[in-house]
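Student: Make the full structure from the sequences, and use the hints.
The sequence shown finishes on residue 210 if you use the numbering used here, and the numbering steps up by one all the way, no holes.
Among the hints, erroneous ones may be present.
The calculated lysine-lysine pairs, modelled on BS3-like cross-linking and capped at a C-alpha distance of 25 Å, are [what the hints assert, rightly or not]:
| id | residue 1 | residue 2 |
| --- | --- | --- |
| 1 | Lys191 | Lys41 |
| 2 | Lys109 | Lys159 |
| 3 | Lys147 | Lys120 |
| 4 | Lys94 | Lys130 |
| 5 | Lys21 | Lys91 |
| 6 | Lys130 | Lys147 |
| 7 | Lys99 | Lys17 |
| 8 | Lys109 | Lys61 |
| 9 | Lys130 | Lys120 |
| 10 | Lys147 | Lys106 |
| 11 | Lys191 | Lys155 |
| 12 | Lys191 | Lys21 |
| 13 | Lys21 | Lys94 |
| 14 | Lys41 | Lys21 |
| 15 | Lys61 | Lys94 |
| 16 | Lys91 | Lys130 |
| 17 | Lys41 | Lys61 |
| 18 | Lys159 | Lys17 |
| 19 | Lys48 | Lys17 |
| 20 | Lys114 | Lys94 |
| 21 | Lys61 | Lys106 |
| 22 | Lys159 | Lys120 |
In short, the hints are calculated from the structure, not lab data.
All of these numbers come straight from a predicted model, not from anything done at the bench.
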Amino acid sequence: STYNNETAEWSLRIEGKVMTKDQELIFDDSKNLRMLNFFEKIFIDFEKEDQRSYMNIDWRKLNNVNDLNYDAIDITRSMIPERESINIVIKFFKDYTSKEFMLSSKLSKLLSIKQGNIMKIVSALWQYIKLNRLQDRDRRNIINCNKELEEVFDKESIKFSQINSILRQHLSPISPVEMNYTITKGESEAKIFEIPVEVCSNYRYEQEDF
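Tutor: Set out below in C-alpha coordinates:
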(Lines of atoms letter the chains of each structure in order from A and count residues from 1; the text may use other names and numbers.)
(Lines give C-alpha, C1' and ligand atoms only; values in the text may rest on other atoms or scores of the structure.)
Protein backbone atom coordinates (compact mmCIF):
# COMPACT_ATOMS: atom_id res chain seq x y z
CA SER A 1 0.00 0.00 0.00
CA THR A 2 1.06 3.62 -0.51
CA TYR A 3 -0.03 6.93 0.99
CA ASN A 4 -0.26 10.29 -0.78
CA ASN A 5 0.27 13.13 1.70
CA GLU A 6 -0.92 15.78 -0.77
CA THR A 7 -4.30 14.20 -1.43
CA ALA A 8 -4.60 12.34 1.90
CA GLU A 9 -5.41 9.16 -0.02
CA TRP A 10 -4.21 5.62 0.43
CA SER A 11 -3.81 3.15 -2.42
CA LEU A 12 -3.68 -0.63 -2.25
CA ARG A 13 -2.51 -2.94 -5.02
CA ILE A 14 -3.05 -6.69 -4.98
CA GLU A 15 -0.86 -8.52 -7.47
CA GLY A 16 1.05 -11.76 -7.63
CA LYS A 17 3.36 -14.08 -9.49
CA VAL A 18 3.16 -17.83 -9.86
CA MET A 19 6.23 -19.57 -8.45
CA THR A 20 7.31 -23.15 -7.89
CA LYS A 21 7.83 -24.60 -4.43
CA ASP A 22 11.52 -23.82 -4.93
CA GLN A 23 10.65 -20.13 -5.37
CA GLU A 24 11.38 -20.15 -9.09
CA LEU A 25 9.21 -17.80 -11.13
CA ILE A 26 7.04 -19.52 -13.73
CA PHE A 27 6.92 -17.75 -17.09
CA ASP A 28 4.23 -18.54 -19.61
CA ASP A 29 3.52 -16.88 -22.95
CA SER A 30 -0.21 -17.42 -22.47
CA LYS A 31 -2.30 -15.44 -20.00
CA ASN A 32 -3.45 -18.52 -18.07
CA LEU A 33 -0.82 -18.08 -15.36
CA ARG A 34 -1.91 -14.61 -14.39
CA MET A 35 -2.56 -14.34 -10.68
CA LEU A 36 -6.25 -13.43 -10.90
CA ASN A 37 -7.03 -16.50 -13.00
CA PHE A 38 -6.57 -18.61 -9.87
CA PHE A 39 -9.34 -16.89 -7.87
CA GLU A 40 -13.07 -16.66 -8.43
CA LYS A 41 -13.56 -13.95 -5.79
CA ILE A 42 -11.47 -11.54 -3.73
CA PHE A 43 -13.14 -9.63 -0.89
CA ILE A 44 -11.69 -6.74 1.11
CA ASP A 45 -13.48 -6.28 4.41
CA PHE A 46 -13.11 -3.20 6.61
CA GLU A 47 -13.64 -3.14 10.35
CA LYS A 48 -17.21 -2.47 11.41
CA GLU A 49 -16.43 1.02 12.69
CA ASP A 50 -14.88 1.94 9.31
CA GLN A 51 -17.81 0.70 7.23
CA ARG A 52 -19.50 4.07 7.69
CA SER A 53 -16.71 5.54 5.54
CA TYR A 54 -15.81 2.57 3.32
CA MET A 55 -17.90 -0.03 1.56
CA ASN A 56 -16.50 -3.55 1.59
CA ILE A 57 -14.91 -4.41 -1.77
CA ASP A 58 -16.11 -7.41 -3.74
CA TRP A 59 -14.19 -8.50 -6.86
CA ARG A 60 -15.58 -11.45 -8.81
CA LYS A 61 -14.33 -13.10 -11.97
CA LEU A 62 -17.00 -13.25 -14.65
CA ASN A 63 -18.39 -16.68 -15.47
CA ASN A 64 -16.53 -18.55 -18.21
CA VAL A 65 -13.68 -16.03 -18.21
CA ASN A 66 -10.34 -17.83 -17.99
CA ASP A 67 -8.16 -15.34 -19.82
CA LEU A 68 -8.16 -12.01 -17.99
CA ASN A 69 -6.36 -9.12 -19.69
CA TYR A 70 -5.25 -7.59 -16.38
CA ASP A 71 -3.44 -9.05 -13.40
CA ALA A 72 -3.79 -6.67 -10.45
CA ILE A 73 -6.47 -5.01 -8.37
CA ASP A 74 -5.93 -1.34 -7.49
CA ILE A 75 -7.96 0.47 -4.82
CA THR A 76 -7.67 4.15 -3.85
CA ARG A 77 -9.65 5.76 -1.04
CA SER A 78 -9.44 8.92 1.07
CA MET A 79 -8.03 8.38 4.53
CA ILE A 80 -10.49 8.96 7.37
CA PRO A 81 -9.24 12.31 8.78
CA GLU A 82 -8.97 11.28 12.43
CA ARG A 83 -7.43 7.88 11.75
CA GLU A 84 -3.75 6.97 11.61
CA SER A 85 -4.34 3.47 10.28
CA ILE A 86 -6.99 1.25 8.69
CA ASN A 87 -7.22 -2.49 9.33
CA ILE A 88 -8.56 -4.70 6.56
CA VAL A 89 -9.00 -8.40 5.89
CA ILE A 90 -8.32 -9.63 2.35
CA LYS A 91 -10.16 -12.86 1.50
CA PHE A 92 -9.07 -14.98 -1.46
CA PHE A 93 -11.56 -17.55 -2.80
CA LYS A 94 -9.75 -20.05 -5.00
CA ASP A 95 -11.13 -21.00 -8.41
CA TYR A 96 -10.87 -24.78 -8.54
CA THR A 97 -10.96 -26.86 -11.73
CA SER A 98 -14.07 -28.48 -10.26
CA LYS A 99 -15.91 -27.32 -7.15
CA GLU A 100 -14.34 -28.58 -3.95
CA PHE A 101 -15.67 -29.04 -0.43
CA MET A 102 -14.39 -29.44 3.12
CA LEU A 103 -15.27 -32.75 4.74
CA SER A 104 -16.77 -32.99 8.23
CA SER A 105 -14.31 -34.13 10.90
CA LYS A 106 -15.90 -37.61 11.10
CA LEU A 107 -15.90 -38.18 7.34
CA SER A 108 -12.41 -36.73 6.98
CA LYS A 109 -11.07 -39.12 9.62
CA LEU A 110 -12.79 -42.08 7.94
CA LEU A 111 -11.52 -41.34 4.42
CA SER A 112 -8.20 -39.68 5.38
CA ILE A 113 -8.86 -36.61 3.20
CA LYS A 114 -9.77 -33.08 4.29
CA GLN A 115 -11.13 -31.64 1.06
CA GLY A 116 -11.92 -32.59 -2.51
CA ASN A 117 -14.47 -32.54 -5.30
CA ILE A 118 -17.47 -34.86 -5.34
CA MET A 119 -15.75 -37.36 -7.65
CA LYS A 120 -12.71 -37.64 -5.37
CA ILE A 121 -14.83 -38.00 -2.23
CA VAL A 122 -17.19 -40.62 -3.70
CA SER A 123 -14.19 -42.53 -5.06
CA ALA A 124 -12.54 -42.53 -1.62
CA LEU A 125 -15.76 -43.75 -0.01
CA TRP A 126 -16.14 -46.52 -2.59
CA GLN A 127 -12.58 -47.66 -1.95
CA TYR A 128 -13.37 -47.79 1.78
CA ILE A 129 -16.52 -49.84 1.09
CA LYS A 130 -14.63 -52.33 -1.11
CA LEU A 131 -11.69 -52.60 1.30
CA ASN A 132 -14.03 -53.41 4.19
CA ARG A 133 -16.37 -55.59 2.08
CA LEU A 134 -19.47 -53.63 3.04
CA GLN A 135 -21.45 -54.23 -0.15
CA ASP A 136 -24.30 -56.64 0.53
CA ARG A 137 -23.70 -60.02 -1.13
CA ASP A 138 -27.32 -60.55 -2.15
CA ARG A 139 -28.55 -57.00 -2.64
CA ARG A 140 -25.69 -55.35 -4.49
CA ASN A 141 -27.27 -51.90 -4.30
CA ILE A 142 -27.07 -51.97 -0.50
CA ILE A 143 -24.11 -50.99 1.69
CA ASN A 144 -24.04 -52.50 5.17
CA CYS A 145 -22.33 -49.99 7.43
CA ASN A 146 -19.67 -51.14 9.85
CA LYS A 147 -19.27 -49.40 13.20
CA GLU A 148 -17.12 -46.58 11.78
CA LEU A 149 -19.37 -45.87 8.81
CA GLU A 150 -22.48 -46.03 10.98
CA GLU A 151 -20.98 -43.36 13.26
CA VAL A 152 -20.64 -41.06 10.24
CA PHE A 153 -23.94 -41.75 8.47
CA ASP A 154 -26.04 -42.72 11.52
CA LYS A 155 -27.55 -45.63 9.53
CA GLU A 156 -27.11 -49.39 9.63
CA SER A 157 -27.32 -49.60 5.86
CA ILE A 158 -27.68 -47.26 2.87
CA LYS A 159 -28.51 -47.58 -0.81
CA PHE A 160 -26.03 -46.61 -3.49
CA SER A 161 -28.56 -44.10 -4.78
CA GLN A 162 -28.45 -42.33 -1.39
CA ILE A 163 -24.70 -41.78 -1.27
CA ASN A 164 -24.58 -38.30 -2.85
CA SER A 165 -27.42 -36.89 -0.73
CA ILE A 166 -25.98 -38.36 2.48
CA LEU A 167 -22.47 -37.18 1.66
CA ARG A 168 -23.62 -33.59 1.14
CA GLN A 169 -24.68 -33.44 4.79
CA HIS A 170 -20.99 -33.81 5.63
CA LEU A 171 -19.64 -31.28 3.13
CA SER A 172 -19.22 -27.53 3.45
CA PRO A 173 -17.81 -24.77 1.20
CA ILE A 174 -14.05 -24.19 1.18
CA SER A 175 -13.11 -21.31 3.47
CA PRO A 176 -11.23 -18.44 1.81
CA VAL A 177 -7.58 -17.72 2.51
CA GLU A 178 -7.64 -14.69 4.82
CA MET A 179 -4.90 -12.10 5.24
CA ASN A 180 -4.88 -9.31 7.79
CA TYR A 181 -3.31 -6.07 6.60
CA THR A 182 -2.90 -2.58 8.07
CA ILE A 183 -2.81 0.57 5.95
CA THR A 184 -0.89 3.25 7.86
CA LYS A 185 -1.10 6.98 7.27
CA GLY A 186 2.12 8.42 5.83
CA GLU A 187 3.68 5.02 5.19
CA SER A 188 4.24 2.80 2.17
CA GLU A 189 4.59 -0.91 2.73
CA ALA A 190 4.64 -4.12 0.70
CA LYS A 191 3.81 -7.50 2.19
CA ILE A 192 4.35 -10.89 0.58
CA PHE A 193 2.08 -13.86 1.23
CA GLU A 194 2.15 -17.36 -0.21
CA ILE A 195 -1.01 -19.18 -1.35
CA PRO A 196 -0.77 -22.70 -2.82
CA VAL A 197 -2.65 -22.92 -6.15
CA GLU A 198 -3.24 -25.69 -8.67
CA VAL A 199 -1.25 -25.21 -11.86
CA CYS A 200 -2.02 -27.28 -14.94
CA SER A 201 1.20 -28.00 -16.80
CA ASN A 202 1.64 -30.01 -19.99
CA TYR A 203 2.44 -32.98 -17.83
CA ARG A 204 0.36 -32.92 -14.64
CA TYR A 205 -1.43 -30.80 -12.08
CA GLU A 206 0.88 -29.45 -9.44
CA GLN A 207 0.51 -27.40 -6.29
CA GLU A 208 2.46 -24.19 -6.69
CA ASP A 209 2.72 -21.01 -4.64
CA PHE A 210 1.36 -17.60 -5.47
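Student: Determine for every hint whether it applies to the structure shown.
Tutor: Verification of the hints:
1. Lys191 <-> Lys41: holds (20 Å)
2. Lys109 <-> Lys159: OK: Lys109 and Lys159 at ~22 Å, within 25 Å.
3. Lys147 <-> Lys120: Roughly 23 Å between the alpha carbons, so the hint for Lys147 and Lys120 holds.
4. Lys94 <-> Lys130: The hint is violated at about 33 Å.
5. Lys21 <-> Lys91: holds (22 Å)
6. Lys130 <-> Lys147: Holds, at about 15 Å.
7. Lys99 <-> Lys17: holds (24 Å)
8. Lys109 <-> Lys61: With Cα atoms ~34 Å apart, Lys109 and Lys61 exceed 25 Å; violated.
9. Lys130 <-> Lys120: Within the cut-off at roughly 15 Å; holds.
10. Lys147 <-> Lys106: holds (12 Å)
11. Lys191 <-> Lys155: violated (50 Å)
12. Lys191 <-> Lys21: OK: Lys191 and Lys21 at ~19 Å, within 25 Å.
13. Lys21 <-> Lys94: Holds: Lys21 and Lys94 sit about 18 Å apart, inside 25 Å.
14. Lys41 <-> Lys21: The given pair, whose Cα atoms are some 24 Å apart, holds under the 25 Å limit.
15. Lys61 <-> Lys94: holds (11 Å)
16. Lys91 <-> Lys130: violated (40 Å)
17. Lys41 <-> Lys61: holds (6 Å)
18. Lys159 <-> Lys17: Answer violated: Lys159 to Lys17 is near 47 Å, above 25 Å.
19. Lys48 <-> Lys17: Violated, at about 32 Å.
20. Lys114 <-> Lys94: holds (16 Å)
21. Lys61 <-> Lys106: violated (34 Å)
22. Lys159 <-> Lys120: This hinted pair holds, its Cα atoms lying about 19 Å apart.
Of the numbered hints given earlier, the model fails hints 4, 8, 11, 16, 18, 19 and 21; all others are met.
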